[in-house]
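J.: Protein chains in written order, with this note's numbering: chain P, 7 to 224; chain Y, 140 to 410.
Treat the hints with care, as some may be off.
Cβ-to-Cβ under 10 Å is the rule here; a few derived chain P residues that face chain Y [what the hints assert, rightly or not]:
1. K9
2. A74
3. Y76
4. E124
Since the hints were made in silico from the structure, they are not lab data. Glycine included, each C-beta is placed from N, C-alpha and C at the ideal position.
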Amino acid sequence: MGKVFDEEIITLKADFMKLGALVGEAVTHAGQAFVDHDIQKAQAVITNDHDINHLQIYIEKRSFEMIALYQPVTGNLREVVGILKAVTDLERAGDHARNVARSVIDIKGKERIASVEEIIATMAQEVSQQYDKSIESYGDADQDKAKKTAQSYDKKIDELYNDIAAPSYQAMAKNPEIVSSAIIYLNVAKDLGRVSDYSTNICEWTVYLATGKIIELN
Amino acid sequence: MQNTVGLNNKPKRFIYDFNPEETEITMQTKDLEIYYGKTLAMHNADLQFQKNTITALIGPSGSGKSTFLRALNRMNDGVATVKGEILYQGVDINQPKIDVYEVRRRIGMVFQRPNPFAKSIYDNVTFALQRRGIHDKKTLDQVVETTLKQAAVWDQVKDSLNKSALSLSGGQAQRVCIARALAVQPDVLLLDEPASALDPVSTQQLEATLRELKKDYTIIIVTHNMQQAARLSDYTVFFNMGEAIEYNKTRKVFTRPKVQMTDDYVSGNFG
C-alpha cells in the first residue's frame with residue numbers, strides 16, 4: 007500500500023491506544039471514586055468524558071479519510087475497520103464509566119450498605135483489569151490473549167453482578183429507606199457489567215484484526 | 140464569480156482560498172482564457188499553487204486540465220491563444236517579452252509517455268546543460284548522480300549510464316525523464332499523466348519519488364487515476380467543461396466535496 011498509508015495507520019493506531027488509555031483511566035477512577043466516596047475524582051471522570059468523545063470523533067473522521075484516500079484491502083483494511091468498530095466500543099465503555107462517576111454524586115448523603123459496596127469494589131477492580139487486558143490484546147493484535155481474557159472474566163463478572171443485585175433487592179424489600187441507594191448499586195453494577203461487555207467486544211475486534219474472522223467470544 | 144451557490148444551497152463552484160500570510164504561493168493564474176482557434180477551451184480557473192505541495196488536476200477527457208497544465212510553462216505557444224495572467228513568483232510569464240526557455244527551465248514538464256532521447260542515459264540527463272555550454276565533466280557527473288538519485292532510479296542505472304535510454308523499462312525511462320527535467324534545477328514540476336503508461340509497481344515507485352521531490356519542488360500533476368490523486372496529492376482541482384469546478388484539500392475533495400458535480404465525478408456517478 008505504500009509508506010504514506012503505513013505511517014498514517016501507525017498514527018491512527020497510536021491515537022486509538024491513547025483513547026484506550028483515557029477510557030481505562032476513566033473506568034479505574036470511576037470505580038475508585040465510588041468505593042472511596044470521592045466526589046472530586048468522580049467529577050474529574052465526568053469532565054474528562056468530553057475529551058474521550060472528541061478523540062473518538064477525530065479517530066472516526068481519520069478512519070473515513072483513510073478509506074476514501076487509500077482504499078485499503080486485506081490486512082490494511084482490517085487495521086482501519088477494526089479501529090473504526092472498536093472505537094465505538096471504547097467510547098461507550100467511557101460513557102458507562104461516566105455513569106458510575108455520576109452515581110458517586112447521586113448517592114451522597116444516602117444510607118448505604120457496606121457489604122454491597124465491598125462487592126462493588128471487587129467488581130470494579132475486575133472490570134478494570136479485564137478492560138486493560140482487552141486493550142493490550144488489541145494493541146498487540148494478540149488473538150490468544152483476547153480469547154483468554156474474554157473467556158476468563160465473563161462468568162466471574164456475571165457472578166459479581168448477581169452478588170450485588172441479590173442483597174440490593176433483599177435490602178429494598180426490608181427497608182424502604184434504602185431503596186434509592188439500592189437502585190444506585192444496581193445501576194453501578196449494570197454499568198460495570200456493560201464495560202465488561204465492551205471489553206469483550208474489543209477482544210472480538212482483536213481476533214478480527216489478527217485473522218479477519220468475526221466471532222462471538224461469549 | 141467564484142463560489143456561487145447552486146441547487147440545494149450547494150455551491151456550483153468552490154475554489155480554495157489560501158491564507159496569504161501562512162502560505163507561500165509559487166504559481167498563480169488570473170483571468171485565464173485559453174482558445175483553440177475561436178473555441179474557448181478553458182476559463183474560470185483562478186488558481187494558486189502552494190510551494191512544496193503536490194496538486195492533482197482531475198476531470199474527464201476534454202475538461203481542460205491538460206490545456207491548463209501546458210499553459211503554466213507556455214507549452215501552448217503556437218497551439219492555443221492564452222489570455223490572462225500566469226504569475227510565477229509574482230511575475231506574469233504570459234507576456235511576449237518573457238524568455239520562454241527560461242520559463243521552461245524553471246517550470247519543468249514530464250509527459251504521459253516516457254520520451255527519452257535516442258541517446259545514452261547520461262546524455263539524456265545532461266542534454267540541456269550541454270546545450271547551454273556546460274561541458275565540465277565533474278559538474279555534469281555530479282548533476283547526473285544527484286538528479287538520478289532524486290528521481291529514485293540511480294541504483295538501477297548507475298552501472299549503465301552509457302547505455303541507450305531507449306533500452307530502459309517504462310518506469311525507469313519515466314524516472315530518467317524526471318531526472319532530465321530536474322537537471323536544469325527547476326522550481327516547479329508539471330506532470331501530465333506520468334504514470335498512465337506504467338505498471339502498478341513502477342507507479343508506486345514514481346509516486347514515492349514525487350513525494351520525496353515535493354520537499355524541494357512544487358508539483359502539479361494531471362491524472363486520470365482518482366486513487367492516485369487521492370493518495371498522492373495535498374490539493375485537488377476538479378475540472379469540467381473547461382472550468383475549474385472545485386479546488387480544495389484532497390482529503391476534503393475525496394470525503395466531503397463542496398460541489399455536487401465533484402461528488403458525482405469522484406464517486407463514479409458522472410455523466
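J.: Compare the structure with each hint and give your call.
T.: Okay, the hints, checked on the actual structure:
no., hint, verdict
1, K9, "holds (7 Å)"
2, A74, "holds (5 Å)"
3, Y76, "holds (5 Å)"
4, E124, "violated (51 Å)"
The structure fails hint 4 only (numbered hints given earlier).
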